[in-house]
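Since the structure of chain A is already known, use the hints to place chain B on it.
Protein chains: 2
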Amino acid sequence: MQDFIHKCSILDIVSRGKIKDSCCLLCVTKMSLRAKALYTFQSENKEEINIQENEELVIFDENSVDGWLQGENSRGERGLFPASYVHIIRNRSGSNLTDHSLSSPESSPGKDLSYIHTPSTTLPSDDDDDWDDWDETSTVVEDEDPRRGVGANGHSQNPYSNPNVHYRPKPYMERQDSMSSNRKGSMVGRNLNRFSSFVRSGVEAFILGDVPMMAKIAESYSIEMGPRGPQWKESPQPFTCSVEDPTKQTKFKGIKTYISYRVTPSHTGRPVYRRYKHFDWLYNRLLHKFTVISVPHLPEKQATGRFEEDFIEKRKRRLILWMDHMTSHPVLSQYEGFEHFLMCGDDKQWKLGKRRAEKDEMVGAHFMLTFQIPNEHQDLQDVEERIDSFKVFAKKMDDSVMQLTHVTSELVRKHLGGFRKEFQRLGNAFQSISQSFLLDPPYSSDALSNAISHTGRTYENIGEMFAEQPKYDLFHMLDKLSLYQGLLSNFPDIIHLQKGAFAKVKESQRMSDEGKMDQEEANGIRKRCRTVGFALQAEMNHFHQRREVDFKEMMQAYLRQQIAFYQRVGQQLERTLHMYDNL
Amino acid sequence: MQDFIHKCSILDIVSRGKIKDSCCLLCVTKMSLRAKALYTFQSENKEEINIQENEELVIFDENSVDGWLQGENSRGERGLFPASYVHIIRNRSGSNLTDHSLSSPESSPGKDLSYIHTPSTTLPSDDDDDWDDWDETSTVVEDEDPRRGVGANGHSQNPYSNPNVHYRPKPYMERQDSMSSNRKGSMVGRNLNRFSSFVRSGVEAFILGDVPMMAKIAESYSIEMGPRGPQWKESPQPFTCSVEDPTKQTKFKGIKTYISYRVTPSHTGRPVYRRYKHFDWLYNRLLHKFTVISVPHLPEKQATGRFEEDFIEKRKRRLILWMDHMTSHPVLSQYEGFEHFLMCGDDKQWKLGKRRAEKDEMVGAHFMLTFQIPNEHQDLQDVEERIDSFKVFAKKMDDSVMQLTHVTSELVRKHLGGFRKEFQRLGNAFQSISQSFLLDPPYSSDALSNAISHTGRTYENIGEMFAEQPKYDLFHMLDKLSLYQGLLSNFPDIIHLQKGAFAKVKESQRMSDEGKMDQEEANGIRKRCRTVGFALQAEMNHFHQRREVDFKEMMQAYLRQQIAFYQRVGQQLERTLHMYDNL
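Heads up: the protein sequence lines correspond to chains A and B, in order.
Counting along the first sequence from 1, when you hit position 373 you're at 373 in this note's numbering, and nothing is skipped either side.
Counting along the second sequence from 1, when you hit position 125 you're at 125 in this note's numbering, and nothing is skipped either side.
Errors might be hidden in some of the hints.
A pair counts as met if it fits within one copy or between any two copies, since identical chains are not told apart.
Unchecked claim - Distance condition first, Cα-Cα at most 20 Å in a straight line; then the derived SDA-like pairs of lysine to any residue: (1) K552 to L438; (2) K506 to P330; (3) K421 to A467; (4) K421 to E410; (5) K395 to D550; (6) K396 to H278; (7) K395 to Y443; (8) K301 to V58; (9) K36 to H267; (10) K552 to R568; (11) K396 to I89; (12) K395 to E507.
Keep in mind that the hints were calculated from the coordinates and are not lab data.
Okay, chain A solo, but in the shape it has when bound (with noise of 0.2 Å):
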């Protein structure tokens, strides 16, 4: 069974605007029951097994993590199974009847959107202490990253592969369709995919008027024309935020260490010190919360070497690209959860905001009542081909930067070896001339053998710049083309909640043409695609931008560095020709 423990933080974190923060269930309940399998079901990871219809099964505990359950089957095989394929059995009195396949959340009316969401309010997931155990712990190098996956309607033709970006579809509770079919008279199919994002997202429920318009929103993020379409409002204070000086902390009178960042955000100017863990919590509400909205992509985990100096530098540089995406991002830099992670310093209330934060009501499906669209009218078709050109236009530049991506990192494997070696071996061959020139003595030509001999220290230092020479240039490429990676890689999701909206639009705008549906709900279905579409330019429009800016600058950066790189060596190369001067 502990080979499951750590398999939690992988369950913890599944694709988007399906979170859980908790750990392991199996952490807390530890008992074991039997249930009986519903259907057959294949796996199609390793982390999952087959399991056969009426097959007993042994259930490592009751409460499913985002629709999955962990247990065992009768050929002793552990893994993962959805939870709707099983029938647990109850053993004991109390609460462990449960039937995954029949339970229904409607218990608790007042949350009706909770049915999108595997019910863990329950769980001790914010106990801070509980918190300490799992960053800076773990011995296991996780070396795939579920929240980095890429839809499978996504870019995987990719030639190149990246080891980082897997997918991992996850199912979803059946009852979220039986139970929706319950609810109001809509006519319009539900999508029979459970592990669409456009269902999982709560964007079907939202279109299809599922989620009721809420008496007072506090929070609203404006969409206005610019004049390239649709796009944010400009938060009224932007700012920036600096992370900076990562340092080794210790607690538990040293026997546990982790790397404390100092977080300054422009706007307060005061600094807070924020660990991994605490931006992978702001990562995941954010992931939880926002619909429609590319959420860049944490710096990899690494649980080996994690302390190392190189591995330390690459974070903080790619937690300060995360820190400057978010910043510069409308409605992402107005999170409240975010202004919590940049601002509080007290440990009271940083639990307190902490708490809050996961209580938030306005995520998934709630979140896009938030937004205030403009009167403008926009021809759908019109939307829809947008969309379809920003599609064609992210998969390619999805495939660049990967090319690049692969480019860049052949190259710095070149600069640290090939390029570095052929340069030594040229310095050697030199101090080995120059060596020789001294041999036989009323000839030793000691000026001369001295020049050459400075040349071969000076192609060995050459060799070395060549190895120094990633860190100033091309570990920065691949810092923001990993960023991109990642925003990238939300797109194929995203632009499926659209492409999902438009199919309910025409579905029910035939309905209504047959009489089958009101002319009143479709249009209402009409109206919430208007704004899911101009939620999603508005996002295209913001990632364009974020694009031009960072592109531009991330080039320039390079190419200055290349200049002052061939100068230099050029430099190193003059002031030994001059050895040779007055010989």
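Showing chain B alone in chain A's frame:
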């Protein structure tokens, strides 16, 4: 038999001092003879065959070439074996009965040095029309050139094997021992190693006083004491000589094609036109004549792709370096045959001068009669130490030159391959990014895309610059290193001559001490050994002087080109950086 015809060009030219410029005798006589093996011979090279004592052999030609015969053994193997190991069986009337092991050239007592060379004066070797047939018409790639021999006592432990450097020891005919022991009453034993360069070069004969002083010696080369020991006296008429403008020529209505070089000595200013085969003829005369002098090797032959531009350029560059070394050398530059090569512009005069050079008697051992040495006393042991020191130096320099050649060749390969490819890939990846930016029209960011595309082209161009750069720096380094590889590879044999001379001095002194030799004779040996010692030291001195000039020049030229290269790259990058200025 056809097989052997083309091997003749290898046979024609054997290691120092034993050169035949005739074509294969087979080509002339083409008649088979029978022979009997007097001794067992084990082949040591692929051209040679084993013969057993008393075995019957077929001889393709009775005239031996440099002591070797071509033929077939009783097992049907065809190849070379030493002429002195067989007895040719006469099967017709006339001159075919030849017992190589017993034959003696004493029938021409007026030319008593001919015994160190195979008699071949009756061959039509100076027929100019015959000449045209072997340089440009051969299609065989001669990947081994026996002239580039490294003595067995030489640098064979070099960590980098150079496929161009082979050593092929050649036997010499027995009769030189049997005969010379018939001459004069010297009691000092002859060297038993017939293959020793000491014997082959005629230095043994000279040391032992077997070479009589001649009545009138037109040539004279002085050795004087310089600041760093004996040195060649400068030529009274120093000059340089350009080699330019390789031009493809045709004759016989285009059937024959060859390259002609314009050769212009500075002291006449009158160009002559020479082909590679003319250089080769001169080179063979030099090898034939000059003992104790390191004759620079000609650039290697290459039969295939001979007219390819790169090959012609490379040969030209290397002929220039060869010529520079020739004109820099106080002895070689004054050689009459060289003067003829540089001056003669008339066909008839050319043939006359060529014949005169080929009949030069002051070659090999006789050449040593032309030295005028200073009266200064030099302790022989000091000289021996000087030479030992030079030997250690030359070995290490040879190793270093080989190492640098290896590294440089590899660097050329990297420039043409890896470096070019990496930068081109980077350029392509930038182009790809640039193209993707154009795909979403409202945000096509034309100017940025254009700048990135320009950057892409710049890196593609930098890739090409890397590939071109060896033409400006590394090739010249390789040319010079190749010249020095040749010069250095001569020294083991040259040093071996001096070692042999020292041994004779010690032996004769011991014999004199024991009353077995006249003190006068021992003094004569010691005196002649001094001559060899002075000459070798002068040659060492000259080598060192040229080395200092050449390596200084080589390093400066390399560094200047490298600086220019890195500056050009920097400038290209600066130009492309400006493209981002007004975005």
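Okay, the hints, checked on the actual structure:
With identical chains, the CA atoms of K552 and L438 are at most 20 Å apart between copies only, with a shortest distance of 15 Å across copies and 53 Å within one. In this assembly of identical chains, the alpha carbons of K506 and P330 never lie at most 20 Å apart, being 32 Å within a copy and 99 Å across copies at closest. In this homomeric assembly, K421 and A467 come within 20 Å of each other (Cα to Cα) both inside a single copy, at 9 Å, and across copies, at 18 Å. When the C-alpha separation of K421 and E410 is checked against a cutoff of 20 Å, the pair qualifies both within a copy, at 15 Å, and between copies, at 11 Å.
Taking the shortest Cα distances, K395 and D550 sit within 20 Å of each other inside one copy (18 Å), while across copies they are farther apart (58 Å). In this assembly of identical chains, K396 and H278 lie within 20 Å of each other by CA distance neither inside one copy nor across copies; the values are 34 Å within and 63 Å between. Taking the closest pair of Cα atoms, K395 and Y443 come within 20 Å of each other only across two copies (15 Å); inside a single copy the shortest separation is 68 Å, beyond that limit. With identical chains, the CA atoms of K301 and V58 are never at most 20 Å apart, being 32 Å at best within one copy and 82 Å at best between copies.
Taking identical chains as interchangeable, the C-alpha atoms of K36 and H267 are never at most 20 Å apart, the minima being 57 Å within one chain and 107 Å between chains. Taking the shortest Cα distances, K552 and R568 never come within 20 Å of each other, neither inside one copy (24 Å) nor across copies (23 Å). Taking CA atoms no more than 20 Å apart as the test, K396 paired with I89 passes in neither setting, with 51 Å inside one copy and 85 Å between copies. Taking the closest pair of Cα atoms, K395 and E507 never come within 20 Å of each other, the shortest separation being 28 Å inside a single copy and 89 Å across copies.
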